[in-house]
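A.B. asks: Sequence:
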Amino acid sequence: MMEIAAAISLASSTFNALKKGMEAGKEIEDMMGYYGKWFEAKEALSEEAIKNKNTPFVKKLFSGSSVEAQALEVTQAKYKIKQMEKELYEYLLYSGQQEFYNDMMRERRAIREARFREAQRKAERNKLIFDLVVGGLAISVCVFLIAFTFTLILNAR
1 MMEIAAAISL ASSTFNALKK GMEAGKEIED MMGYYGKWFE AKEALSEEAI
51 KNKNTPFVKK LFSGSSVEAQ ALEVTQAKYK IKQMEKELYE YLLYSGQQEF
101 YNDMMRERRA IREARFREAQ RKAERNKLIF DLVVGGLAIS VCVFLIAFTF
151 TLILNAR
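Under the working numbering, the first residue of the sequence shown carries the number 1, and numbering increases by one thereafter.
Hints are computed from structural coordinates only; laboratory data are not their basis. Glycine included, every Cβ here is placed at the ideal spot set by N, Cα and C. Do not rely on the hints blindly, as some may be mistaken.
Straight-line distance between alpha carbons at most 25 Å, and here's what the computed SDA-like set of lysine to any residue pairs gives [said to hold, decoys possible]:
| id | residue 1 | residue 2 |
| --- | --- | --- |
| 1 | K82 | A49 |
| 2 | K42 | R109 |
| 3 | K37 | V74 |
Quick list of simulated restraints, FRET-style, between CB atoms [as the list claims (entries may be wrong)]:
| id | residue 1 | residue 2 | range |
| --- | --- | --- | --- |
| 4 | I111 | D30 | 15 to 25 Å |
| 5 | N126 | N155 | 37 to 47 Å |
| 6 | S95 | T75 | 26 to 36 Å |
Working from the sequences, and respecting the hints, build out all of it.
C.D. replies: Spelled out as structure tokens, the structure:
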């Protein structure tokens, strides 16, 4: 996972390349690589923000930066990405490619939902495996204790 500063740097450089391409009159298909990199940087920022929210207290305490500094960095990155996305959307809208953008957003939602379902399925499978292992271990311990008690009773006679 990339840090916030690295993600913002990647997003800014790809955004600038996209703007130059747009100003030069390039078609969106010619700039797909840049769009992909920009969305990867945006996703990395989202993941980093979630990671910051779920960081253990001890790690936050010894991270070396204040809570305010982390909050400022995350918030600044969110606003910068939001502004870039707005400009990219406006370019597509004004260049007559709004349908492309809408299709891309629909596809994005479908992919995100599929990934979420897959993650949910894996989590449920892992929970089932954990429950089976713990249940099997508990049953084994109970069987051992019953057998041990039975052996003690037989040997006491």
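A.B. asks: Please name the hints from earlier in the document that this structure breaks, with their numbers sorted from lowest to highest.
C.D. replies: none
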